[in-house]
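J.: Chains as they are written, first to last, in my numbering: chain A, 1 to 143; chain B, 1 to 501.
Honestly, the hints are just simulated from the structure, not real lab data.
Keep in mind it's a predicted model, so treat the numbers as computed, not measured.
Treat each hint with caution, since some may be false.
[As the list claims (entries may be wrong)] Listed below are the simulated PhoX-like cross-link pairs for lysine-lysine, each with C-alpha atoms no more than 25 Å apart in a straight line:
#1 A/9 with B/423
#2 A/69 with A/2
#3 A/29 with B/41
#4 B/66 with B/83
#5 B/42 with A/29
#6 B/258 with A/29
#7 B/76 with B/41
#8 A/9 with B/257
#9 B/258 with A/9
The lines below spell out each chain.
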Amino acid sequence: MKRVYVNEKWCLGCHLCEYYCAFAATGEKDMSRALQGRTIHPRIHIEEGRDDVSFAVSCRHCTEPLCVKGCISGALSKDDGVIRVDKTKCVGCYTCVLSCPYGCIVPTEDGVIDKCELCLQTTEGTPRCVAGCLNRAIVYEER
Amino acid sequence: MAVNYIYPEQEIVRNYDRCIACRACERQCANEAHEYLPEQKKMTSDDAKCVSCHRCVSICPTRALKIVRTDHDFRKNGSWDKKNIYEVYKQAETGGVLLSSMGNPLDFPIYWDKILLNASQVTNPSIDPLREPMETRVFLGAKSQDVTRGADGKIIPKTTPQLELSLPVMFSAMSYGSISYNAHESLARAATELGIYYNTGEGGLHEDFYVYGANTIVQVASGRFGVHREYLDAAAGVEIKMGQGAKPGIGGHLPGKKVGADVSRTRMIPMGTDAISPAPHHDIYSIEDLRQLVFSLKEATAYKKPVIVKIAAVHNVAAIASGIARSGADIVSIDGFRGGTGAAPTRIRDNVGIPVEMALAAVDKRLRDEGIRDRVSVVAAGSIRNAADVVKAVALGADAVYIGTAALLALGCHLCRTCNVGKCNWGIATQQPDLVKRLNPDVGYRRLVNLMTAWKHEIEEMMGGMGINSIESLKGNRLMLRGVGLNEKELSILGIGHAGE
Chain A
1 MKRVYVNEKW
11 CLGCHLCEYY
21 CAFAATGEKD
31 MSRALQGRTI
41 HPRIHIEEGR
51 DDVSFAVSCR
61 HCTEPLCVKG
71 CISGALSKDD
81 GVIRVDKTKC
91 VGCYTCVLSC
101 PYGCIVPTED
111 GVIDKCELCL
121 QTTEGTPRCV
131 AGCLNRAIVY
141 EER
Chain B
1 MAVNYIYPEQ
11 EIVRNYDRCI
21 ACRACERQCA
31 NEAHEYLPEQ
41 KKMTSDDAKC
51 VSCHRCVSIC
61 PTRALKIVRT
71 DHDFRKNGSW
81 DKKNIYEVYK
91 QAETGGVLLS
101 SMGNPLDFPI
111 YWDKILLNAS
121 QVTNPSIDPL
131 REPMETRVFL
141 GAKSQDVTRG
151 ADGKIIPKTT
161 PQLELSLPVM
171 FSAMSYGSIS
181 YNAHESLARA
191 ATELGIYYNT
201 GEGGLHEDFY
211 VYGANTIVQV
221 ASGRFGVHRE
231 YLDAAAGVEI
241 KMGQGAKPGI
251 GGHLPGKKVG
261 ADVSRTRMIP
271 MGTDAISPAP
281 HHDIYSIEDL
291 RQLVFSLKEA
301 TAYKKPVIVK
311 IAAVHNVAAI
321 ASGIARSGAD
331 IVSIDGFRGG
341 TGAAPTRIRD
351 NVGIPVEMAL
361 AAVDKRLRDE
371 GIRDRVSVVA
381 AGSIRNAADV
391 VKAVALGADA
401 VYIGTAALLA
411 LGCHLCRTCN
421 VGKCNWGIAT
431 QQPDLVKRLN
441 PDVGYRRLVN
451 LMTAWKHEIE
461 EMMGGMGINS
471 IESLKGNRLM
481 LRGVGLNEKE
491 LSILGIGHAG
501 E
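Just chain B, same shape as in the assembly:
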């Protein structure tokens, strides 16, 4: 191309006083951004090939590299910023829909950061979690609404199937195909050691991971990839995916080049073919239809496994969640607009959906108002970034949260947001064998366990500060929350007071 409209977003800065030309950066860059010049015995790099994944920066033994955002810019323009100009250039060049990965990166409000937690002072004691027992265990599933006793006065148990979690966090649905075998193994092993669950996503379950079935939630999505008897039998719970926060109203598309032998067998589709998930489930056009699928799956699993229905947080999420609760589902999972993805049309990812904080508050309130909150557990997802977000989500009414991006970050992801290209230098969002091997699950699973262990400690600290020793007492306890810098409407939807109230 004679005229290049696009100047690279980032520049690779090499400190030649530190570089020893070991060529590790060159060997580890799948985008071939680095090159060794044998005659000069020095390294050079091409900014245009860099995706800012920081692999080279992280492994450089002499810390000779850094990636900086370029200061090259257009004349200042309040309306036409660089992003919009470049997107026009790209589309003028390719004629295609723009694709992006991971969650919505735009500057929308993050309500978690505008909510503050309470703590005990003087009149009610706080609890030291290092000295006193703290309960972070939760059970997900429908709760019985009354207690029946037999003639001997003992309670007759009639609990429906439950998922038991050692802390209210699970790993979100990420399919085998969108992420690698080693990433899946890391998630599965970590979930097993932690006593929580990971979710297969819609790409089926590799047979090597059936052993982790007790900590696996399997997904049934509109493409029905890899859904068969053993798949359902292997799992602890089944999730029907109706929508995804990153791309509400949109299906999925795994390019054929990522469908190798293993992915093909797991998904039960021919090798090299595109795996296309339709936007809707073609058999679901109403809550009644959804109910049929919920009960088909319950029937198929002998009523031993809870069924989750996952939806994207959209405008009328509360009414939809109410319908789901009435459809017979045991758990409803709400994915906010910041939720991640392996690939989505940029316009959809950046412009569709609502914040999970609002959606969660609205759903919890609606279900309580209708007297059906006990019928389902609520799981919140979509950019839960730390233990404080978890605590705030629980106080807003969530039974548990899903984390996807945070889990991938633990595995090495640097949010370069080019998962869709399939050349993940960290061995996560790729199927290329030489890249997949870069994620050693022995290392990956340990990092996930560490992250969750740290969060558990922090959750206990925050609960203890509030004088709460069981996560159940925090659930929906919005008195523990106060907003800062929020308007009346936002506060009323969140159902919390303003700081000082």
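Chain A with its partners taken away, still in its complex shape:
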């Protein structure tokens, strides 16, 4: 299945993927209106290391997802390879947050968790972080 991959060689650490991700979640048409004055909670994060190395990390959609195994309320499920969250079922125990080896599940202001669902709710077919990447460091492909 197609996944989001990152090539750190081309990642510039501009953090725009985070903003495009946050924007995608709002469902708004205008980015300024959607994000102005707000603290964003993106589901993709730029990790910055030494020697100007940076790369974006988002849910790997693991073959054996520890988050789904550990979920006590059945909020997390794997559907057609994509790990999705049903926020109405989430009880905010954060077991998944602790168990994800990549740190890709984030708590939100509402007390429930949020994670990357590959922008399946948008209509473009390409996750927004991928479409918005300046340098084609983030790609969406079959490997």
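For this one, chain A is given, so just place chain B on it according to the hints.
T.: What follows is chain B alone, placed relative to chain A:
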């Protein structure tokens, strides 16, 4: 400095109704023109640091930024304009020669824009390039002047080495050092996919790019940087650089800070040292001397590769080109005064040389008059901006053109003309690793291929309109050209009639 004589040329305009303070502009500006104010949670910017490269404008996700030319000005003065006043201020402050980058930006006539193309109507059919085959392929090199047949009546081939191009456009010489590794890789891969050539410039050829050798022209310039056996062997053709349109009569100077490990190895000079190309080749003071170098290079490459001689378009260019044709060179390349550069003294760039249109017309005519046009191919360079310029250049007599600036624009260049500073925000004219990585060759090469593919379509459309189905029939076909708003002298040098004639 207590008194600042110079007000920034451009102003950064931020629409705070749209800015979301994502700080992408701040992170991507190598000149540090943008800054985040954490307490106010808003962005601010310093116009004085902006070079107008438009990186921030292009990446801003909410289109909150634009760069405008400042309206701050002096009292109107027909003689002392702002440019001249500021240049005096700069020199009074620094005591130095002014440096500039890219081509001559001054308001000299652009003859391409005063030449119009013909098209077929009624009495001769135009051709639809989407339905009928069109030939844009050209061969560069000396052409044999007669045909010899063997006893069996078959032609005995005796062609000298040729460069085969799928369309009459090549990427100009831009050295590794003046432009980045990723820019070179983009050019090399694009040339390979397109079936054309790119030119290494005078900085040697990085060993990673030997694989693209079949589409590479290597340059031998006055500094002889990176010239060795494998370098010559790797290439499809060798170019001797005698001059450059942006700075005729001037050598080159790559500052030591751009000579990192890779550039140092490729150029075969110590790390961190300035790479200085002398103004003349110290072994060339005559056409006879040039002939020696031409044949040294032919000898070194076993007469398998064409030799190009590149000169700047200067006043007596036609006589020089004639000498070059007689020196044994296979191709002569003429670089007009608008040709680009990574760095040149401003006075030279803005005041020396002649327009390539005039130079090309004069050279083609001179070579034909002397009956030696077949001995060399002619390549025109120096601000070929679009497919129409290519078509007009071919009709004026060029076998092909070189494009440099247009290729860099395809890679993201916004002509801010500060290549000499080495902090190119687009990853092109820089050696700083964090900036070089901004140009992903996967993206860059595709944009170059797209540009050339588009030009090829346009060239075919224009040829078809004229009822010509092969670029060879267009070459030197000045009947297809008419001038508008040109005087008798200009028309006679260009060898074209006026519109209506």
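J.: Each hint should be assessed against the structure and marked as holding or not.
T.: Here is how each hint holds up against the structure:
Straight-line distance between C-alpha atoms of residue 9 of chain A and residue 423 of chain B comes to about 19 Å, which keeps the hinted pair within the 25 Å bound. Pair hint residue 69 of chain A plus residue 2 of chain A holds up; C-alpha atoms about 22 Å apart against a cutoff of 25 Å. Using a Cα cut-off of 25 Å, the hinted pair residue 29 of chain A and residue 41 of chain B holds, with the two alpha carbons roughly 23 Å apart. Restraint check for residue 66 of chain B and residue 83 of chain B: the C-alpha separation of about 23 Å stays at or below 25 Å, so the hint holds.
As the CA atoms of residue 42 of chain B and residue 29 of chain A are separated by approximately 23 Å, the hinted pair is consistent with the 25 Å bound. About 45 Å separates the Cα atoms of residue 258 of chain B and residue 29 of chain A, which puts this hinted pair outside 25 Å; it is violated. Proposed proximity of residue 76 of chain B and residue 41 of chain B is contradicted: the alpha carbons are some 41 Å apart, above 25 Å. Restraint check: the Cα-Cα separation between residue 9 of chain A and residue 257 of chain B comes to about 23 Å, which is no more than 25 Å; the hinted pair holds.
This hinted pair checks out: residue 258 of chain B and residue 9 of chain A have alpha carbons roughly 21 Å apart, not beyond 25 Å.
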